[in-house]
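Visitor: Could you put the whole structure together from the sequences, leaning on the hints where they help?
Protein chains in written order, with this note's numbering: chain A, 1 to 596; chain B, 597 to 787.
No wet-lab data here; the hints were simulated from the structure. Source: prediction; values computed, not measured. Idealized CB from N, CA, C, for every residue including glycine. Mixed in with the good hints there might be a few duds.
Unchecked claim - Simulated restraints, written as ranges between beta carbons of each label pair:
hint : chain 1 : residue 1 : chain 2 : residue 2 : range
1    : B       : Thr640    : A       : Thr215    : 48 to 56 angstroms
2    : A       : Val413    : B       : Thr733    : 45 to 53 angstroms
3    : B       : Ser671    : A       : Asp86     : 49 to 57 angstroms
4    : A       : Gln209    : B       : Gln674    : 17 to 25 angstroms
5    : B       : Thr640    : A       : Met23     : 35 to 43 angstroms
6    : B       : Gly650    : A       : Glu106    : 53 to 61 angstroms
7    : B       : Thr640    : A       : Ala18     : 43 to 51 angstroms
8    : A       : Ala39     : B       : Leu687    : 47 to 55 angstroms
9    : B       : Gln674    : A       : Thr51     : 42 to 50 angstroms
Okay, here's what each chain looks like letter by letter:
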Amino acid sequence: MARSALVTARRRGFLIIAGVMAMILVFSFRLFDLQVVRADALVAAAHEKTTGVTRIQAHRGDIVDTNGEVLAESVTQFSLTTSPKDVADQKVRNADGTTTTVTVDEMLDSVAEITGTSASDMRDTIDAALEKDPASNYAVLATGLDSEQRLALPELGIPWLYYEQADKRVYPDGAVAGNVVGFRSGDNEESLAGVELMADSCLSGTNGQTSFQRTTDNVALPGTTQIDHEPVDGGTVTLTIDSDLNWYMQQLVSSQVEQTKAEYGIIVVTEAKTGKVRAIAESSAVDPNDFTATDSKYQGSLAFQGTFEPGSVFKALTAASLVDAGVADHSSRVVADYWYHAPNGANIKDALPHDPENLTLAGVLQQSSNTGLSQLGEKLSPEKRYEYLTKFGFGQPTAIGFPGEASGILRPVSEWTGQSYYTPMFGQGVSTSAMQVANAFQAVANDGVKLPLQLIEGCETADGETSMTTDDSDGERVISAAAAQETRKMMETVVTDGFLADDLTLPGYRVAAKSGTGEQFDEAGTLKTTFFASMAGMVPADDPEYVVTVHLKDPLTLLSSAAAAPVFKQAVTQVIKHYEIPPSTTPGSDYPGYWK
Amino acid sequence: MSATSTALAPELLPGGLPVDNPAPERHITAVPDAPGSRRRPRLTATLTALGGLGLIIVAQLVLGTALSHGAYEISALQTQERNLGWTLQDLNEDVQTISSPQNIARQAQEMGMIVDGSPAYLRLSDSAVLGVPGAATDDAAVPFGDAGMVGNSLLDAEDSAKTAPVDGSSSTATASGDVSLDDGLPTPVTR
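Guide: Laid out in structure tokens, this is it:
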């Protein structure tokens, strides 16, 4: 008995040990499974259950002008929200121990006094939310609040008011260069136009993230918030635009548009020796703060996107080509009659009837004679003329690459038949943008070298990296320096001796310019009675610093380039004052316009 | 010398060899009680320890309170910093809007200033007059239109905020009537 009891005891011991071992084994497996095999998934699941994340909004970069004046910036704004289910009258304990009840309406009235929104509207919002869902805990009462309002609201001591924060894009200078700066959608989510769109990738930053331990009802536990990654703010875009100059030009062109009842007007100021555009003024300026107030066809930039037949400003470029090719000079003689019946059957006439005139090439520019230029222009083959126009930049967008920039139309030589064999000489039958005209005259001003136009100096990110810069390019030679100088001297006599001399002469300064009155066809193909008036020129004529181009569409009270001439003169005057250009000390051009 | 050490002494004789005689029965006795006079320092130590403990607890309480007070202070200061940051941003925005070219031009127009059409310079080195000077007139070929032609809805908002103050406490939007130069340059006032 005693022995069998001993065996039983041993066996029991063995079983217990085996059982324990088995349990240990099972637990070990489970432990291994939890801690090693499924560890990552479980940690992630736990993390998700106990952690909340919030986005840290990265600041969108500023857009500044060449002097650092802010044209676009992001500011923090606030919305006022509430939890409708908690909106209730409130008992307030007075100093003497009594309590008074403040009604919801009274509280909303005091809120309205700060936010400027209507108290009854807010009441309606709350009621509507409750009607939809009696347990509603979210409704927006007011948006677009500034910090002053945001800080005043909590002092009302209303427990059911909450605040949200969001970046808003503001444009402190309003419509100054608004068409160029562009704008973003109302919810600040998307860039829609201008530099905002063009430089979007550099302007927009990368959002950051914070995470925190949270309770089951999603409340952050104090002290657990940590930053996962810091937001990276967007870069600052510096434009070549000078906002003060741009404002003046806008005011000027708008004044003339109003006075001449034109549809719109454009002034472009370009630095001759760098290709930097200092002003792009459009009369139909969009205020990016409130772009919907502007007709959608004027929300973009007509200087880049609009095209027109430039008219006689092209004569200066044709003359430059003739001189460069060596087939004519300023004194080349021609007899210009009112009509010119060309050998190929084309019939060219001048703007106004006149007797035959003995004009030089300079005189052709002064009197803007179509018939004279057609005869002189024949000396250059259409292939060559096409090549010059292409090199001047027509038929292709400028180097700026503005969103939606127009190429204009420069038809291939094969299509230059009959009338259109001649018309490109004086800017008809071709269409251009204002920026292309500015670039072509920049080449004439810069001794024949066309530089890539620049609108953006660069975009500098927070860590000091600069992108979007234009390489210091040598540019492309279009005509020889001598041809450019001769062209400028011919254009100078347009100012001093041309038919618009009274409007253009600027005492003390040498200015070179050429007018243009572009004919226009309507959609049905009939010639319109209104014109596209232009002036293109540069100052000082002997060594140009700035190129000024002016365009007016459909001026009604002055049906010719006479509408653009006074604007051009005042624009040049302002450029002279703004950049402190000293008066000319050399004598002006003495190219005669007539021969005997 | 205690009894124990006396008992062990024979085994630790010089030479250290085991003595060839049966092991003596070991006497292990407790160390005799210390004299009565030694009890008092222990009591003192206990009291000191307890006192120290109390002190530590009090100190911890005080420190904890101070720390949490500091935390509140930090929190309040952080809030203040945030609010001031907001205010700074608002004021910056106001300054930028007020210094926009169209606003400055409008102020100038209201003061009766006009744009001079004929630039001329006086060279100081030889008193030479460069350019053709003339009186500034407003009969330019393109009369300058109203300064509001180049719009700015921010200025409009600024204006309406000033003409109809929504809140008596909003102090940044105050417009004064007469411009006085007594205290230096006046701050720009939009109308």
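Visitor: Determine for every hint whether it applies to the structure shown.
Guide: Results for each hint:
no. : hint                                     : result
1   : B:Thr640 to A:Thr215: 48 to 56 angstroms : 51 angstroms, holds
2   : A:Val413 to B:Thr733: 45 to 53 angstroms : 51 angstroms, holds
3   : B:Ser671 to A:Asp86: 49 to 57 angstroms  : 25 angstroms, violated
4   : A:Gln209 to B:Gln674: 17 to 25 angstroms : 20 angstroms, holds
5   : B:Thr640 to A:Met23: 35 to 43 angstroms  : 54 angstroms, violated
6   : B:Gly650 to A:Glu106: 53 to 61 angstroms : 55 angstroms, holds
7   : B:Thr640 to A:Ala18: 43 to 51 angstroms  : 59 angstroms, violated
8   : A:Ala39 to B:Leu687: 47 to 55 angstroms  : 53 angstroms, holds
9   : B:Gln674 to A:Thr51: 42 to 50 angstroms  : 23 angstroms, violated
Going through the hint list in order, the structure does not satisfy hints 3, 5, 7, 9.
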